[in-house]
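K.L.:
The residues making up each chain are set out below.
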Amino acid sequence: MSENVYLPQLARIVHIKDEVPGARAIKTFRVEFMNGGGFDHEPGQCAMISVFGKGESMISIASAPTITDYKQFSIMRSGRVTTAIHDMKVGDVIGVRGPYGNKFPVSDWKGRNLVFIGGGCGLAPIWPVIQTAVANRMDFDKITVFYGGRTSRDIMYAAELEKLRGQADVHLSIDSPEEGWEGYCGFVPANVMDKPQRPDNAIAITCGPPIMIKFVISNLREMGFADEQIYTTIENKMKCGIGKCGRCNVGTDYVCVKGPVYSWAQLKSLPQEY
Amino acid sequence: MEAILKRNRLGQWITELQERAEIYAPDFVEDTWEFAKVGRGATVELNHSNTVRPAKRFVFPQREVLYRFRIENSQSPKLTDTEPKVESTVVFGVRPCDGRAMVRNDRVFTCGFSDPYYQARHDNVVFVGLACNAPPSQNCFCVSVGGSPHSEDGLDVLMTELDGRYHVKALTDKGSDIVRSAGDLFQDVKAADMDDVGNAHAIALEYSQRSISSMEAVAAALRRNFDSPIWDKLARACIGCGACTYLCPSCHCFDINDEVTNKSPLTGARVRTWDNCQFPDFTMHSSGHNPREDTGARLRQRICHKLLYFVETHNMQQCTGCGRCITHCPVGIDIVKIANVMEEGVWQ
Ligand SMILES: Cc1cc2nc3c(=O)[nH]c(=O)nc-3n(C[C@H](O)[C@H](O)[C@H](O)COP(=O)(O)OP(=O)(O)OC[C@H]3O[C@@H](n4cnc5c(N)ncnc54)[C@H](O)[C@@H]3O)c2cc1C
Ligand code: SF4
Ligand code: SF4
Ligand code: FES
Chain S
1 MSENVYLPQL
11 ARIVHIKDEV
21 PGARAIKTFR
31 VEFMNGGGFD
41 HEPGQCAMIS
51 VFGKGESMIS
61 IASAPTITDY
71 KQFSIMRSGR
81 VTTAIHDMKV
91 GDVIGVRGPY
101 GNKFPVSDWK
111 GRNLVFIGGG
121 CGLAPIWPVI
131 QTAVANRMDF
141 DKITVFYGGR
151 TSRDIMYAAE
161 LEKLRGQADV
171 HLSIDSPEEG
181 WEGYCGFVPA
191 NVMDKPQRPD
201 NAIAITCGPP
211 IMIKFVISNL
221 REMGFADEQI
231 YTTIENKMKC
241 GIGKCGRCNV
251 GTDYVCVKGP
261 VYSWAQLKSL
271 PQEY
Chain F
1001 MEAILKRNRL
1011 GQWITELQER
1021 AEIYAPDFVE
1031 DTWEFAKVGR
1041 GATVELNHSN
1051 TVRPAKRFVF
1061 PQREVLYRFR
1071 IENSQSPKLT
1081 DTEPKVESTV
1091 VFGVRPCDGR
1101 AMVRNDRVFT
1111 CGFSDPYYQA
1121 RHDNVVFVGL
1131 ACNAPPSQNC
1141 FCVSVGGSPH
1151 SEDGLDVLMT
1161 ELDGRYHVKA
1171 LTDKGSDIVR
1181 SAGDLFQDVK
1191 AADMDDVGNA
1201 HAIALEYSQR
1211 SISSMEAVAA
1221 ALRRNFDSPI
1231 WDKLARACIG
1241 CGACTYLCPS
1251 CHCFDINDEV
1261 TNKSPLTGAR
1271 VRTWDNCQFP
1281 DFTMHSSGHN
1291 PREDTGARLR
1301 QRICHKLLYF
1311 VETHNMQQCT
1321 GCGRCITHCP
1331 VGIDIVKIAN
1341 VMEEGVWQ
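Sequences listed follow chains S and F, in order. Quick note on numbering: the first sequence equals residues 1 to 274 in this note's numbering. Quick note on numbering: the second sequence equals residues 1001 to 1348 in this note's numbering.
These are computed hints drawn from the structure, not numbers from a lab. A few of these clues could be false.
No farther apart than 25 Å at their CA atoms in a straight line, the calculated lysine-lysine pairs in the PhoX-like style are these [to be verified]:
id, chain 1, residue 1, chain 2, residue 2
1, S, K110, S, K195
2, F, K1078, S, K89
3, S, K89, F, K1263
4, S, K54, F, K1263
5, S, K27, S, K54
6, S, K258, S, K110
7, F, K1037, S, K54
Work the whole structure out from these sequences, hints included.
P.N.:
Following this line, the structure appears as structure tokens:
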């Protein structure tokens, strides 16, 4: 197709997995590009997903960059577009344009300990980073993954997280006790406090609801992590994804181009408009 | 390339250009000055002050179809019409502030990812500027933001009216082309003509305009005062109508939406339309969270974008001092006053 940046490529949904039930349900969609299309992506990058007749939404690419046959998106039912995609079936066709945004600087982290801290839907954006780290396991020292949901039914990627245990320390949590739950009970930041992480030679990557991120960062700071050792992503409403429509800025930065990945040191220097 | 055009030959130049392009010029339509299409044989006077709507719509129209989609009974979608078909267009009577705004719009739409719709329109439009000889309107402040009543930036041709004639200066290839193609209508420029041009430009600069003394100081003050309560005070009267940004020659924000014309087979278009940072839902997330919750935060965004962020990114203000946002604000919110308040820190 042409080089028109606004024109999405067509991709067919080949698999749908229910991750989390409820009003704000999360489903993971696996899509394959049609007509020989496709693109490479880096961990942390996003794509604009189209449901024709409804519109577009910016969604993190949740599959590992090494997977070229398909891409995965974990999408929370939220408004017009995300509801429409939740109503789609295997075989239906969506539009995808991208990749957009910057990436997690994973290659700068060789030899380091990586601490991932996710909550709710926030596992999706950091999942390709976890996958990249695990695929290059020898390049990194300790890998630790904290992840929590409100209840056990809100834990996304449950099976994948179990599989991850062989290569990383995985600490799951739910907000309040449930019968049969063997992991931690309490909020994600508390789970991290409960298993203090050494800041030496470590990088912490956190993503989730803003309130969780706030407490996670304050706890990491308490453990001695420097601002430069903490990475997160920010979300702002987006339409174009390419720095033109003018709505996703935080100060001088258009998040769709300069973000969504920021170190806490970078984010602290920007106005709080996210 | 410079030439002289007798005033009474302007019509003939336009008639010749109509053979190959659509011609627009300011006209008094429904009580306001607007760029309007010039009909065959119509007279063009070029005696306007400035149009209410800026010239940006020739490169960035208020509504642009990006492409059409069609889905026949659960087959895969067909996407068509992706390249805008644009007629050759020549726009007369563009004031230098609108020309300079084009330089800003170019930065937005052609840096990084190139915008094919903007580019196609830009390639096919010739902006013929008209220097401001008359005293400025009450809200003009082009000089404070680095411009002038005869700035050439962003224009293809600059015309300066002299006694009974125009000095016509082509500034780009597109500009030279429309002058050269009607070569026999023009005369060579003589030394006396150049003296007259110099005089006209000098007189224009002698009129007083509204002013901001130091744009650097304003930028620094904006950086310092992001969290100041002054923004709520300054924005208190704002009704969020958006006139200030719709009418701004360099405001470029847009929305993208799907317009469905038929449910089955699903047929419609993906369309972009001007949008506005003064509207609450401009930044409101689907969760209801809004990073710019009140009019203070939204006014701060408009002013900071123009006088701070754009300067940090592109090394120029994203305001060319046309004064439209001041003149047309129903409640008197005034970017010059705000800049001065910021710089002087009078509320502190
Ligand atoms: C960088 C980035 C990564 C994201 N990754 C994911 C992800 O992996 N999974 C996921 O479920 N969600 C993700 N989101 C949020 C997702 O984009 C919004 O939930 C979604 O656009 C809402 O669209 P809607 O049409 O369902 O909602 P509506 O409320 O109907 O929204 C209408 C339009 O507003 C815009 N919009 C509204 N809220 C947001 C928002 N929070 N962010 C961006 N645009 C918005 C969209 O253009 C949307 O089409 C991400 C957002 C960003 C900015
Ligand atoms: S901000 Fe106001 S004065 Fe400046 S160019 Fe835009 S409309 Fe004109
Ligand atoms: S024109 Fe005036 S009232 Fe309307 S949105 Fe702009 S500042 Fe507010
Ligand atoms: S989404 Fe349009 S500028 Fe970032």
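K.L.:
Each of the hints needs a verdict: does it hold here or not?
P.N.:
Hints, one by one, checked against the model:
With a CA separation close to 23 Å, the supplied pair S/K110 and S/K195 stays within the 25 Å bound. In summary, the hint linking F/K1078 to S/K89 is supported, as the alpha carbons are separated by about 19 Å, within the 25 Å threshold. Of the supplied pair hints, the one linking S/K89 and F/K1263 holds, its CA atoms being roughly 19 Å apart against a limit of 25 Å. As the CA atoms of S/K54 and F/K1263 are separated by approximately 12 Å, the hinted pair is consistent with the 25 Å bound.
For the hint linking S/K27 to S/K54, the alpha-carbon distance of about 18 Å falls within 25 Å, and the restraint holds. The straight-line distance between the Cα atoms of S/K258 and S/K110 is roughly 23 Å, inside the 25 Å bound, and the hint therefore holds. For the hint linking F/K1037 to S/K54, the alpha-carbon distance of about 35 Å lies beyond 25 Å, and the restraint is violated.
Violated hint: 7 only; the structure is consistent with all others.
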